[in-house]
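Protein chains in written order, with UniProt numbering: chain P, 1 to 327; chain H, 1 to 327; chain U, 1 to 309; chain R, 1 to 309.
Honestly, the hints are just simulated from the structure, not real lab data.
Bear in mind that the values here come from a model prediction, so they are computed numbers and not experimental data.
In this text, a Cβ means the ideal position worked out from N, Cα and C, and glycines have one as well.
Careful: at least some of the hints might be erroneous.
To be verified - No farther apart than 16 angstroms at their CA atoms in a straight line, the calculated lysine to aspartate or glutamate pairs in the EDC-like style are these: (1) 126(H) to 73(H); (2) 324(H) to 305(P); (3) 120(R) to 141(R); (4) 324(H) to 260(P); (5) 168(U) to 140(U); (6) 168(R) to 140(R); (7) 324(P) to 223(H); (8) 120(U) to 93(U); (9) 324(P) to 223(P); (10) 126(P) to 73(P); (11) 324(P) to 24(H); (12) 126(H) to 106(H).
As the list claims (entries may be wrong) - With beta-carbon atoms standing in for the labels, derived distance ranges: (13) 320(H) to 145(U): 52 to 60 angstroms; (14) 5(R) to 90(U): 47 to 55 angstroms; (15) 23(P) to 27(R): 31 to 39 angstroms; (16) 142(H) to 254(R): 30 to 38 angstroms; (17) 201(R) to 142(H): 38 to 46 angstroms; (18) 89(U) to 27(R): 51 to 59 angstroms; (19) 160(P) to 1(U): 44 to 52 angstroms; (20) 37(H) to 194(U): 54 to 62 angstroms; (21) 21(P) to 166(U): 50 to 58 angstroms; (22) 21(P) to 185(R): 20 to 28 angstroms; (23) 89(U) to 254(R): 53 to 61 angstroms; (24) 102(H) to 254(R): 39 to 47 angstroms; (25) 146(R) to 136(H): 38 to 46 angstroms.
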Amino acid sequence: MPDVRRIDPNVVDTARDTGIPVDDVELAVELAGIALDNPITTASGCFASGAEIDRFYDVTELGAVVVKSITLEPREGLPTPRMAETPSGMLNAIGLQNPGIDAWLERDLPWLQGRGAKVIASLAGKSVEEYREVARRLRGRGAVVGLEVNLSCPNVEHRGLVFACSPDQSAQVVAAVAEEADVPVFAKLTSDVTDIVTVARSVTDAGADGLTLINTLLGMSIDPETGRPRLSNVYGGLSGPAIRPVAVRNVHQVATALPDVPIIGCGGVRTVADVVEFTRAGATAVAVGTSTFVDPFVGQTLVAELRSWLARRGIRTITELRGKVVA
Amino acid sequence: MPDVRRIDPNVVDTARDTGIPVDDVELAVELAGIALDNPITTASGCFASGAEIDRFYDVTELGAVVVKSITLEPREGLPTPRMAETPSGMLNAIGLQNPGIDAWLERDLPWLQGRGAKVIASLAGKSVEEYREVARRLRGRGAVVGLEVNLSCPNVEHRGLVFACSPDQSAQVVAAVAEEADVPVFAKLTSDVTDIVTVARSVTDAGADGLTLINTLLGMSIDPETGRPRLSNVYGGLSGPAIRPVAVRNVHQVATALPDVPIIGCGGVRTVADVVEFTRAGATAVAVGTSTFVDPFVGQTLVAELRSWLARRGIRTITELRGKVVA
Amino acid sequence: MRRGFVQGRSEADTPVRAICEVMARRREGAYWQLSFSSPEIADRARPGQFVEIAVGSPGALLRRPFSIARVSRQGAFASTVDVVFDAHGPGTEWLTSLDVHDLVDVVGPLGTAFPLPQRKVSCLLIGGGYGAAPMYFLADELARQGLRADMIIGAASQERILSAIEAKRISASVTFTTEDGTLGERGRVTDVLEDVARSCRTGVVYACGPNPMLRAVSERCRELELPVQVAVEEHMACGVGVCFTCVMPVRAKDGRVRMKRSCIEGPVFNGARIAWDETRWRNEPDVLDDEPDEQPVQRLTDAELWGEG
Amino acid sequence: MRRGFVQGRSEADTPVRAICEVMARRREGAYWQLSFSSPEIADRARPGQFVEIAVGSPGALLRRPFSIARVSRQGAFASTVDVVFDAHGPGTEWLTSLDVHDLVDVVGPLGTAFPLPQRKVSCLLIGGGYGAAPMYFLADELARQGLRADMIIGAASQERILSAIEAKRISASVTFTTEDGTLGERGRVTDVLEDVARSCRTGVVYACGPNPMLRAVSERCRELELPVQVAVEEHMACGVGVCFTCVMPVRAKDGRVRMKRSCIEGPVFNGARIAWDETRWRNEPDVLDDEPDEQPVQRLTDAELWGEG
Ligand SMILES: Cc1cc2nc3c(=O)[nH]c(=O)nc-3n(C[C@H](O)[C@H](O)[C@H](O)COP(=O)(O)OP(=O)(O)OC[C@H]3O[C@@H](n4cnc5c(N)ncnc54)[C@H](O)[C@@H]3O)c2cc1C
Ligand SMILES: Cc1cc2nc3c(=O)[nH]c(=O)nc-3n(C[C@H](O)[C@H](O)[C@H](O)COP(=O)(O)OP(=O)(O)OC[C@H]3O[C@@H](n4cnc5c(N)ncnc54)[C@H](O)[C@@H]3O)c2cc1C
Ligand SMILES: Cc1cc2nc3c(=O)[nH]c(=O)nc-3n(C[C@H](O)[C@H](O)[C@H](O)COP(=O)(O)O)c2cc1C
Ligand SMILES: Cc1cc2nc3c(=O)[nH]c(=O)nc-3n(C[C@H](O)[C@H](O)[C@H](O)COP(=O)(O)O)c2cc1C
Ligand code: FES
Ligand code: FES
């Protein structure tokens, strides 16, 4: 993109006195074999097609763009209201509004590819076969460096129960996607289970190369005056800083039980301190969702601030901190 | 207590113009056969012995006092740090510090009884037999109008797994307590399960007269600088307004599936709007925990404000709103 | 937060994030007006667009959207943006606590602007409650283009009629309606719409206000075969097009309805195209959201008015 | 929030919640001082006690505890309470943004006060960093009782030495220590403790500051057989005794350690009794927390000094 000028660069670069030069800091990470320039990615469904935020800054500055979950057919989603604010968080029930895989491949992917972004394609479906078909159509697409399997979808073949709540059904989906995939596959799990480690084990055994932890928590809000649920769908997903302690706990539990499985940490990331917290808990990459709604520049800012945070402390690579919890 | 003077009564009483007189509002509720003057109770572990808050206001103004979980033996709890603040919430890991059932009966209960409070005794244990024994010692104690079984305790007989995560183990504990109890028994459940309704069904089948929903969510926080977990216990319970949408969802799911089971709603209650929200979701009583830390008067204030909230809207009894979600 | 800090691109059609100094904050009848300094936002803003302001009320996470009520572009340091708001919740209450020289964190300008007619046509601007705010900005712009602007300003009662004097100054004619009759005609904007449009030879209608008002105006305009552009209000989590919470059902040529994001594909829509009935939506596959806007039947077509469809 | 709103009981030994007007907010070296008006808190407060102030930083839920640095009790409307704080996190940063006439929501006075000696004895007051704040309040109180107060005020460097001039005014003697030597002796308060105690014929020591300093002071006092009362700092969720997050391990007669709540059974403890080593605690049944405090061996016993155990 020509003529990109940041009116006032927000890169904090005051590290030189005590630490190391910011240029000596290496942010690159290897995520299940994918080389990322830095560990900051978007969270699925919180970055639309990518072009919206590119109006603010060059989105290729991000480690990767995780796109909104794609289904086989286009979906118009749920009626409004689709969101409700909650203390330090929000509920959403969008209903996977998306253009469908074919239109996405035709319209959104070429734009991302043209910009040079690394794309992790999130896929969703109503049945194992739908996931499989979407994965098949994603084969051999240059810019797509990974697939993320959004398992928080109702399985029409099992009374509408969410795949992610069953280790077995999650494994079936992941196995189907992994069979088709020519890039690493990440399984995105929900914290709304009794034992996250069991689900994590089940999907990695089924072929997931990595995990994304966590999706939103199931929540509800009711208008006290009218008695109407604040979401047309009644229940929705809770996201934002409010859920961060739950997300960090999930990452730490899984990273402790399965230390070799790469994790994309996700849930309430807002500041560079949060990025470090997730990294210490065991995450290789960190996805930013709701905070993009609060600050469209947050992804760009986190990359810059992570570099200077490490520089000020004389830490040369972010990987030095991965899994570093001090007892 | 003689000579109680509220320096500036905070009872909002501006309802008379559009609604009904506040005195015409009936706050009394029947909770699994227990007659409460109003639906506001304390949450276990957030009100110590009762005397601490009685320095601020007359705690018998509350519908009931749910006391800190009592174990068979005294416990000194976990080392500090025991708490960490999180966005709109907090993590705690206290480790059930309590004087043990005998000292509680000897020292704390007589004080509550003398003051005329209605007491719901929360009990905790490491084994089914420990719960049973605590329940047995609580028989025939005048002020104790109900028992609440805190199931979020590690079961030493099952690899330290928390009772509440297993419908069967929860049922065993509840059955043992219900056998001993001469007052209604409430099972306090955690939201950290795949299917809250299954657990709810299991414990009510086992003899629970009601449910308390929910306990804290399992969370973690790490100091990014030092890498030390912010709690000495590494993991802890997330409470406060941050978790309210999750708590409301649990209450609504269970109230929908088991409409005849009385529920004490709990999780992030701060304002009268929150009390109404939980009531509409299906709660008969509403327990206030973390908010007492923010405002020691919150329980008293909620009772007064609930009355005027209803009066302003011409609603004569709180029970009219119970379960009233408008589609 | 650093005064004057600005992030964004240099292209004039992109929004920025700016830390802005509050220049004024005062009551406007039942409402509040907030003016803040931002050369970039002032320069880029067009009528109908909005800004997202970060609020500091306890536990509030999301920004709050407000229509741009007016901009003044007097050189780099005096350029200000005004918003008018109703303080009815924690976020807007918090805004009333701001003092002159305090800093606010603002993203904007956001969303689509009212398309300006490319023919000489008489414009009728309808504002309801604080929805009148962007109409002042639009009237300024129309005046600059040499177009006639008439106004209908409606509200529940007199103190909710925004800047009555300003309305008279800025427009060829203004009609007030209040539901309680405390100012102007007793009734609603739609009660006077036909008379005003006839006497002013209105060729196009612009409206902003509560969605039920916009619906009524749109339906009346359709009956009168008047082109109508409305700026809608839907709950927004992001305001920048990435969350899909703010969708409005908009009907396409084939009669099917698509969910359009009112923060980026709106807030200004052709009022005749909004599927006001489609509040409940089936969660099933539907058509692809890629068709260009289509023209409703009307006296002057949208193509004639604003060139593009 | 309504100015002057107060909730609580009339008994003087109970805390209240008050909506207080800010009377002053100014820098004090590296620290900030906040004065707010509250007749009830000012009247009831005793040295060593603290207040819990609600802060408005984003997402902050809990109040922040601060030692009472001084009170002025000049009739119902002028009674003010001062706190001194170090702005190092979001909550304390937020406090620096308060202006005169703003309102703060305060609960207090909370916790135990320093027990005053019932015998005529020379007192040594040791304050570290902002921990010096309550020592000024204590010195005032001791002066009123006609007791001699000497002070040791220590900090990392000069700008963290609180109110040096005030210290000189209020005490019989004052010794400053700074770790970088920018004021007074280079070193720590414990480096001068023995000399000062000897030359001032100290009979009892009071200390407030970071817990490591309190530990060092307590251990030094134990060696010197000096009774010592310390005001500790532990993370507090409630400050009123109901959450059990703020516990300190305190050793009893039988040598066993009990977890005492520093917000209600403290913050003032007998320094010789704190089990400074017991940071890691086993989660297993232990003895009951019901024993009265016991006396360490010292020149003047605690019983002699403050009557009760
Ligand atoms: C494009 C657009 C332009 C707007 N322009 C104006 C304006 O010029 N003046 C004005 O007073 N108001 C305007 N609003 C409405 C304004 O955004 C809300 O009044 C405000 O967000 C309420 O915040 P609160 O915290 O005070 O209230 P709360 O009701 O407590 O807000 C809770 C949540 O609901 C959202 N919300 C509440 N009401 C509305 C609403 N009416 N529309 C959208 N979101 C809402 C809030 O953003 C917040 O996320 C506009 C809204 C939109 C979408
Ligand atoms: C009895 C008592 C008296 C105190 N007196 C003073 C005083 O006079 N002056 C002063 O500057 N500070 C005092 N402190 C410490 C003060 O409470 C903390 O500095 C303040 O809470 C930090 O809040 P923050 O949001 O700025 O920082 P953050 O570090 O972001 O706070 C995060 C959380 O940790 C808690 N916390 C952080 N630091 C401390 C600490 N040192 N002690 C207890 N809790 C902490 C906060 O309360 C909050 O819940 C006292 C603490 C206690 C317990
Ligand atoms: C509006 C919205 C839409 C979302 N859509 C998706 C989605 O399509 N697929 C998915 O896997 N996760 C989706 N999520 C979940 C996020 O990717 C993320 O897991 C969650 O929001 C927690 O992260 P956060 O707190 O940073 O937002 C969505 C979240 C939000 C708030
Ligand atoms: C400090 C603290 C201690 C608690 N101790 C107990 C306990 O002993 N037994 C119990 O059943 N729940 C305990 N809880 C959980 C609360 O009773 C309540 O279920 C939870 O905090 C959610 O409600 P809240 O958000 O209103 O605090 C504790 C919570 C906190 C914050
Ligand atoms: S508000 Fe997020 S897409 Fe419109
Ligand atoms: S801070 Fe809650 S008991 Fe001390």
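Results for each hint:
no.	hint	verdict
1	126(H) to 73(H)	holds (11 angstroms)
2	324(H) to 305(P)	violated (48 angstroms)
3	120(R) to 141(R)	holds (14 angstroms)
4	324(H) to 260(P)	violated (49 angstroms)
5	168(U) to 140(U)	holds (12 angstroms)
6	168(R) to 140(R)	holds (12 angstroms)
7	324(P) to 223(H)	holds (11 angstroms)
8	120(U) to 93(U)	violated (42 angstroms)
9	324(P) to 223(P)	violated (43 angstroms)
10	126(P) to 73(P)	holds (11 angstroms)
11	324(P) to 24(H)	violated (61 angstroms)
12	126(H) to 106(H)	violated (22 angstroms)
13	320(H) to 145(U): 52 to 60 angstroms	holds (58 angstroms)
14	5(R) to 90(U): 47 to 55 angstroms	violated (19 angstroms)
15	23(P) to 27(R): 31 to 39 angstroms	holds (37 angstroms)
16	142(H) to 254(R): 30 to 38 angstroms	holds (34 angstroms)
17	201(R) to 142(H): 38 to 46 angstroms	violated (58 angstroms)
18	89(U) to 27(R): 51 to 59 angstroms	violated (36 angstroms)
19	160(P) to 1(U): 44 to 52 angstroms	holds (46 angstroms)
20	37(H) to 194(U): 54 to 62 angstroms	holds (59 angstroms)
21	21(P) to 166(U): 50 to 58 angstroms	holds (56 angstroms)
22	21(P) to 185(R): 20 to 28 angstroms	violated (39 angstroms)
23	89(U) to 254(R): 53 to 61 angstroms	holds (58 angstroms)
24	102(H) to 254(R): 39 to 47 angstroms	violated (18 angstroms)
25	146(R) to 136(H): 38 to 46 angstroms	violated (59 angstroms)
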